[in-house]
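K.L.:
Since each chain comes alone in its own frame, lean on the hints to assemble the complex.
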Amino acid sequence: MSKGRFGIHGGQYIPETLMNAMLELEEAYNKYKNDPDFIREVETMFNEYAGRPSRLYYAERMTKDLGGAKIYLKREDLNHTGAHKINNVIGQMVLAKRMGKTRVIAETGAGQHGVATATVAAMMGMECEIFMGKEDCERQALNVYRMRLLGAKVHPVEEGTATLKDAVSETFREWTSRIADTHYVLGSVMGPAPFPEIVRDFQAVISREIKEQMMEKEGRLPDAVVACVGGGSNAIGAFYHFIEDKSVRLIGCEAAGRGIDTYETAATLNTGKLGIFHGMKSYFCQDEYGQIAPVYSISAGLDYPGIGPEHAYLHDIGRAEYVAVTDDEAVEAFEYLSRIEGIIPAIESAHAVAHAMKLAKTMSKDEIMVINISGRGDKDCAAIARYRGEDLYE
Amino acid sequence: MSNIKKAFDHGKAFIPFITCGDPTLDLTKKAVIEMEKAGADLIELGIPFSDPTAEGPVIQEANIRALKNKVTTDHVFDMVRELRQTVKIPLVFMTYANVIFSYGAERFMKTCQEIGIDGVILPDIPFEEKEEFDGVCKQYGVDLVSMIAPTSEERIGMIAKEANGFVYCVSSLGVTGVRSNITTDIGAMVKKVKEVNDIPCAVGFGISTPEQAEKMGAQADGVIVGSAIVKICAQYGEEAVPHLSKYVKEMKEAVSKNN
Numbered sequence: 001m002s003k004g005r006f007g008i009h010g011g012q013y014i015p016e017t018l019m020n021a022m023l024e025l026e027e028a029y030n031k032y033k034n035d036p037d038f039i040r041e042v043e044t045m046f047n048e049y050a051g052r053p054s055r056l057y058y059a060e061r062m063t064k065d066l067g068g069a070k071i072y073l074k075r076e077d078l079n080h081t082g083a084h085k086i087n088n089v090i091g092q093m094v095l096a097k098r099m100g101k102t103r104v105i106a107e108t109g110a111g112q113h114g115v116a117t118a119t120v121a122a123m124m125g126m127e128c129e130i131f132m133g134k135e136d137c138e139r140q141a142l143n144v145y146r147m148r149l150l151g152a153k154v155h156p157v158e159e160g161t162a163t164l165k166d167a168v169s170e171t172f173r174e175w176t177s178r179i180a181d182t183h184y185v186l187g188s189v190m191g192p193a194p195f196p197e198i199v200r201d202f203q204a205v206i207s208r209e210i211k212e213q214m215m216e217k218e219g220r221l222p223d224a225v226v227a228c229v230g231g232g233s234n235a236i237g238a239f240y241h242f243i244e245d246k247s248v249r250l251i252g253c254e255a256a257g258r259g260i261d262t263y264e265t266a267a268t269l270n271t272g273k274l275g276i277f278h279g280m281k282s283y284f285c286q287d288e289y290g291q292i293a294p295v296y297s298i299s300a301g302l303d304y305p306g307i308g309p310e311h312a313y314l315h316d317i318g319r320a321e322y323v324a325v326t327d328d329e330a331v332e333a334f335e336y337l338s339r340i341e342g343i344i345p346a347i348e349s350a351h352a353v354a355h356a357m358k359l360a361k362t363m364s365k366d367e368i369m370v371i372n373i374s375g376r377g378d379k380d381c382a383a384i385a386r387y388r389g390e391d392l393y394e
Numbered sequence: 001m002s003n004i005k006k007a008f009d010h011g012k013a014f015i016p017f018i019t020c021g022d023p024t025l026d027l028t029k030k031a032v033i034e035m036e037k038a039g040a041d042l043i044e045l046g047i048p049f050s051d052p053t054a055e056g057p058v059i060q061e062a063n064i065r066a067l068k069n070k071v072t073t074d075h076v077f078d079m080v081r082e083l084r085q086t087v088k089i090p091l092v093f094m095t096y097a098n099v100i101f102s103y104g105a106e107r108f109m110k111t112c113q114e115i116g117i118d119g120v121i122l123p124d125i126p127f128e129e130k131e132e133f134d135g136v137c138k139q140y141g142v143d144l145v146s147m148i149a150p151t152s153e154e155r156i157g158m159i160a161k162e163a164n165g166f167v168y169c170v171s172s173l174g175v176t177g178v179r180s181n182i183t184t185d186i187g188a189m190v191k192k193v194k195e196v197n198d199i200p201c202a203v204g205f206g207i208s209t210p211e212q213a214e215k216m217g218a219q220a221d222g223v224i225v226g227s228a229i230v231k232i233c234a235q236y237g238e239e240a241v242p243h244l245s246k247y248v249k250e251m252k253e254a255v256s257k258n259n
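Same order as they appear, the protein sequences are chains A and B.
This note's numbering applies: residue 1 is where the first sequence begins, and numbers increase by one.
This note's numbering applies: residue 1 is where the second sequence begins, and numbers increase by one.
Bound-form chain B, shown alone (with noise of 0.2 Å):
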């Protein structure tokens, strides 16, 4: 068991996501403790790979600078190494499969266990092919995030009963991105979760401005941004701890409205 849970301990959560070494690792750094600062309740970082399949444009673009930078999976655990001095908030790591078979999935871990990685998000590992990495996971205490997604449905139970750390529910359909209009019924696939396991649920994908941080954040535990926060990352580059900072604020302001 990790430290997800607490996230999720302050009323509603809300979950920026980064990808490491975007335009600097030396920005993802300062950002992440500032995000902190800001109201973030855990952050997740992207380790980048080449062909990010589940991502649009943007985080896609992030991927590419960033491994042309020459950010390697090391890097990162250095960085995370770093951050751990002062960040007390639960991180955990958002990759593709390759990025940790290629590393050694058991390495991998142990290496998350040592720095205080909490969890990883795998969106090319469904339920049916978690045995790759689960025995691993638990080994060395580092959640393996489950995902549900507006076409689960009847698969949702199955999912929820042996997820751990927190759930992520896909609001829509489609790559990650902003979207003017989420329409899926998320508060009908947190019920189906909530009935066979009681474990917080956040839901991410297409989140960008502080309405739909708050309409999203009634209907789960938590409210997941990733490419709004890349493209301030992008417009900004090394200047853009401030403006994520106030954003962070106001998007951890609107989810908490519900509380």
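Looking at chain A on its own, in the form it has when it is part of the complex (with noise of 0.2 Å):
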């Protein structure tokens, strides 16, 4: 089998043009990945630009309101540009720099990606474009000018869906017309190898963090750690330094949309099977004759058909779970978090309080549980109104 594999999941599944730009990248990644001097550039970064470490927050009034486990908020919405992602941006974007590149191209879902990459382009004098579904670009309005505003170039793309799935495949399309310049910025644990790990070694600050943080604050890990997972960045970095630790559950929240018994959902583990596609070998929805599933979720993070193949394995293994969460369930968490603890979470990071909820519940109040609120929801508020029948102009 070849190399980046994840059990049987992963591998380079990608045109012959791009071979030896993957090859190039994983040359780099190695020689870079232990270097301290390119450590300490990252750190520096994390601490000084992106605002690191994020807080691990008691939600007090949210633990007593269920009565169950002790719930603790992992921060992330509180980085510079309000979400995880700029983790990861910040390593490629170091690693990318190192290696000569000097423009970056990206896909972006909700836009939070297309934002972070964007806000380290400008920071460090990188050109930038960032590729986003046409559909994504009217729901995410805001986070489109947010990227103008900071000097990127946003191309909408209409083909297919027009969602995350249809932005990542004209990224892909186009460092196919442009390498030897441009550095690919793939915003999750996704698509061929190396990306899946380069993304998590960059996210797995997250769980690096809730475990010290965690000691401090109670001397001993966490029960539960609960995140979102679309191709699951944010999950990834909040399960890595915890898959060792047995005790530990892991739990992916999916986007359900409408539900996993209809076919407006985008929960890839619950109804998808394996499949091959955007490099990886994964669980993707698709029909019976592979075509692709046209999938949908309230949240344009979450609205991917696949996911990664480190996830993926985790599933095989029976190490993480995974369970489904609806745009409804999405939306009165998105509403509980505002109003018993003042924080608005991201829709995505949402699908991840709304089972936290449940869940919380059938745990002891002795037990300890950790949610990774990923991103702010300021991006949301708009959708969320509409949802409710209230239109809002801003």
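It is worth saying that the hints were derived from the structure and are not from the lab.
Model, not experiment: these values are computed from the prediction.
A hint or two may mislead.
Below are the SDA-like pairs computed for lysine to any residue, each with C-alpha atoms no more than 20 Å apart in a straight line [claimed, not checked]: (1) B:K130 to A:S2; (2) B:K192 to A:N20; (3) A:K273 to B:G104; (4) B:K231 to A:E159; (5) B:K70 to A:D287; (6) B:K130 to A:L23; (7) A:K3 to B:M158; (8) B:K161 to A:N20; (9) A:K134 to B:E61; (10) A:K211 to A:R319; (11) B:K70 to A:P294; (12) B:K70 to A:E159; (13) B:K130 to A:N20; (14) A:K3 to B:K70; (15) B:K70 to A:E288; (16) B:K215 to B:K257; (17) B:K68 to A:R319; (18) A:K3 to B:E131; (19) B:K68 to A:A162; (20) A:K3 to B:K130; (21) A:K153 to A:D181; (22) B:K68 to A:E264; (23) B:K68 to A:G160; (24) B:K68 to A:E159; (25) A:K134 to B:I64.
Derived list of chain B stretches under chain A, where covered just means 3 residues or more per stretch with a C-beta under 8 Å from a C-beta of chain A [claimed, not checked]: (26) 49–57; (27) 66–73; (28) 99–111; (29) 124–135; (30) 150–159; (31) 169–179.
Some chain A residues close to chain B (C-beta under 8 Å, calculated; not the full set) [to be verified]: (32) I14; (33) M19; (34) P156; (35) K217; (36) I292.
Beta carbons are placed, not taken as given, at the ideal position from N, Cα and C, and that holds for glycine.
P.N.:
Okay, here's the thing in structure tokens:
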């Protein structure tokens, strides 16, 4: 089996035109990942620019209200640009700079990864182009403006379903046509090797911090870590340093959309089957002839028909559990967290909050749960208001 | 060993690509029969895929049209079965890994052997991943066609050494689609292949005019044209056959000037 595998998943299913670019990236990453100068540069940017470490906050009112497990929130929403996405972007862009690249391209769903890429590109003085599904551009108009403000060029993608999967396809197409000076800052733990490994390593700072902060506050490991999963970067980041700690339950929350018994869903592990797409072997929502399904979720960031290969593996071996959360449940959790803790989560993160609300009640008061609040919800306010039948004009 | 080599027995080969079921399988069938008569030496049959990441807009749209018409892998197999009653030239499928993977690689290749498909071209299966399908391809005598690109450089030797059928030389960076100018030194790529393997090399991506076909034909054993053919299907729909026939004749003549 080829390299970059997680069990049977992963691999490098990409056109020959990109193979040398993948090998170049792999070589550069292996050269720098243990290089003290490189690590110092990434850490300095994490701390001085992105505002790390992010807080681990005890949600006291939520804990009391639900009456079960003690709940902590990992506040990735407090990072610069408002989501966990910047962790990976900083890492990849420091790497890209060392590889001599002067231009970066990226896909984006909700716009958070696009904004993070545009932000770091502005800060490093690199040229930046973002590919975003046309439908997502409309759902997340504010983020489109932010990217433009930061100096990036935004290309609305009209192909296919005009959402995240089409944005990924289009970014790969663009990369195939211009490789020498360009790095593709892939935004999740997906795609061909070595991307799932690189993105995971830069996001793993989340679980490293949770572990340290938890030892400091409670003197022990948590009993459960809950995170939302689209491609799966915030979840793998929150899980990674706990994978060997078998007492810690790892729970990924997929977007069920209107329900896993409907066609309007994006819950890959709950409804998909094994396949090969976007450079990797993993699970995908698809029909009986292998045509990729037009998935749906209220959350543009989870609206993806596949899942990263490491999650597929953790699912296969039973180390992590993956549950499905509907639009309705996520919207209720979005409103609940806003009211009870004064924290407006991203609608993506609200999927994790929704499941945690159910789970906490089944756990005892001396058990501890961590919810990864992967992003903040300002970007979603207009859409949620619309969902509730209220039109906002910004 | 399949029949693919025969396509290169009559001088420089002309290889048209057509998306199956765009706009209907009936048109595809008639087009294949007429393109053979017009001089095509081998025909690439595209099995539509929802997300063809190596294709430019022209072939992407053809895939979408075909899928809207509910064309499935089984329908394409049925069409080939009928075609093989008259069509003698080698036929290869061009599609994406997931189409074959979801059908079951063994079941897919076994059917290919039964209906007379000589090879498969999969742009998302590079050398490193070919073992995914290589074993069953060999078992059922279907050539898994290898691709080389302008970025392949030192990889060409390794790829060519294990190549079957013919080597698909990608003419330029980027996706499929018409280009006004191809600057890659195709001759140099072909030479690297021939140093390790005496296998036919056909060049594709971006070729649409007889002038380009003649120029590319001088540097390789065959010329592949996709988007320009698909454009004719998009423009004329069910009436495309005479236009395709005329175009293939012109292109075959242009390529043959190198004989």
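K.L.:
Each hint: holds or not?
P.N.:
So, going through the hints one by one against the coordinates:
| no. | hint | verdict |
| --- | --- | --- |
| 1 | B:K130 to A:S2 | 9 Å, holds |
| 2 | B:K192 to A:N20 | 17 Å, holds |
| 3 | A:K273 to B:G104 | 13 Å, holds |
| 4 | B:K231 to A:E159 | 17 Å, holds |
| 5 | B:K70 to A:D287 | 12 Å, holds |
| 6 | B:K130 to A:L23 | 17 Å, holds |
| 7 | A:K3 to B:M158 | 17 Å, holds |
| 8 | B:K161 to A:N20 | 18 Å, holds |
| 9 | A:K134 to B:E61 | 17 Å, holds |
| 10 | A:K211 to A:R319 | 18 Å, holds |
| 11 | B:K70 to A:P294 | 15 Å, holds |
| 12 | B:K70 to A:E159 | 18 Å, holds |
| 13 | B:K130 to A:N20 | 16 Å, holds |
| 14 | A:K3 to B:K70 | 36 Å, violated |
| 15 | B:K70 to A:E288 | 12 Å, holds |
| 16 | B:K215 to B:K257 | 10 Å, holds |
| 17 | B:K68 to A:R319 | 40 Å, violated |
| 18 | A:K3 to B:E131 | 12 Å, holds |
| 19 | B:K68 to A:A162 | 16 Å, holds |
| 20 | A:K3 to B:K130 | 13 Å, holds |
| 21 | A:K153 to A:D181 | 17 Å, holds |
| 22 | B:K68 to A:E264 | 19 Å, holds |
| 23 | B:K68 to A:G160 | 12 Å, holds |
| 24 | B:K68 to A:E159 | 14 Å, holds |
| 25 | A:K134 to B:I64 | 17 Å, holds |
| 26 | 49–57 | holds (count 7) |
| 27 | 66–73 | holds (count 3) |
| 28 | 99–111 | holds (count 5) |
| 29 | 124–135 | holds (count 8) |
| 30 | 150–159 | holds (count 6) |
| 31 | 169–179 | holds (count 4) |
| 32 | I14 | 6 Å, holds |
| 33 | M19 | 5 Å, holds |
| 34 | P156 | 14 Å, violated |
| 35 | K217 | 45 Å, violated |
| 36 | I292 | 5 Å, holds |
The structure fails to meet hints 14, 17, 34 and 35 from the earlier list, while all remaining hints are met.
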